[in-house]
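Dock chain B against the given chain A, drawing on the hints supplied.
Note that the protein sequences, when read in sequence, are chains A and B.
Be aware that the first sequence starts at 1, since it is given in the numbering used here, and climbs by one per residue.
Be aware that the second sequence starts at 1001, since it is given in the numbering used here, and climbs by one per residue.
Calculated from the structure, these hints are not laboratory results.
Bear in mind the structure is a predicted one, so any value in this text is a computation, not a measurement.
Relax, there's no trap hidden among the hints.
Cross-link-like lysine-lysine pairs, in silico, BS3-like; alpha carbons within 25 Å at most:
#, chain 1, residue 1, chain 2, residue 2
1, A, Lys-38, B, Lys-1001
2, B, Lys-1071, A, Lys-41
3, B, Lys-1001, B, Lys-1100
Computed footprint of chain B on chain A, listed as stretches where at least three residues anywhere in the stretch have a Cβ under 8 Å from a Cβ of chain B:
#, segment
4, 48-57
5, 99-113
Yeah, the Cβ is synthetic: ideal placement off N, Cα and C, and Gly gets one too.
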Amino acid sequence: DTEVTQTPKHLVMGMTNKKSLKCEQHMGHRAMYWYKQKAKKPPELMFVYSYEKLSINESVPSRFSPECPNSSLLNLHLHALQPEDSALYLCASSQVPGLREYEQYFGPGTRLTVT
Amino acid sequence: KNQVEQSPQSLIILEGKNCTLQCNYTVSPFSNLRWYKQDTGRGPVSLTIMTFSENTKSNGRYTATLDADTKQSSLHITASQLSDSASYICVVSAGYNTDKLIFGTGTRLQVFP
Chain A
1 DTEVTQTPKH LVMGMTNKKS LKCEQHMGHR AMYWYKQKAK KPPELMFVYS
51 YEKLSINESV PSRFSPECPN SSLLNLHLHA LQPEDSALYL CASSQVPGLR
101 EYEQYFGPGT RLTVT
Chain B
1001 KNQVEQSPQS LIILEGKNCT LQCNYTVSPF SNLRWYKQDT GRGPVSLTIM
1051 TFSENTKSNG RYTATLDADT KQSSLHITAS QLSDSASYIC VVSAGYNTDK
1101 LIFGTGTRLQ VFP
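So here's chain A without its partners, still in its complex pose (with noise of 0.2 Å):
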């Protein structure tokens, strides 16, 4: 199984909502990250997680609040959103943290409208 899921595939929030993402992996992968992707755009990494430990965040807004209850589970609080925050999310994981020449495996992503 070479799979990660997301949930949910769309959400629409409003700016004064809390809304969670859910991402998922079951290959035993120690290296799980947050992307935010705009249209036309590559993807940006906002977050990763190294043995479940915050390792990377790079300089994101509070409003984005990771979690990594376990090995498996990622998520990502949503609080307080900006229409500028409408985009693509991406969650990745990687076998071992620092990627060296392992695959990085994307899940299909969430698309957050912030209305």
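Just chain B now, with coordinates in the frame of chain A:
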């Protein structure tokens, strides 16, 4: 500044034809180069990963080349199919043990019947 540039930005070809996508990078230190295929609204899917010692790598109808001296890579697609319509992203890893990848802006390929 670490950068990955791709050309062309977009490409239209007829089904069954071959095409070649280009990637130039200025990334140091270089560790490996990846090509991803991304369908619209979906996550990227890895096609190949090449280290500096590899010149060519194939994955079915996809063949990637790497010239570490000139810092250029290409992705050749043979006998294109309608399902090849997607964005192709060149990604370079700056360093052997880093989770940060340098993404190119991609080439949007459209294959028409």
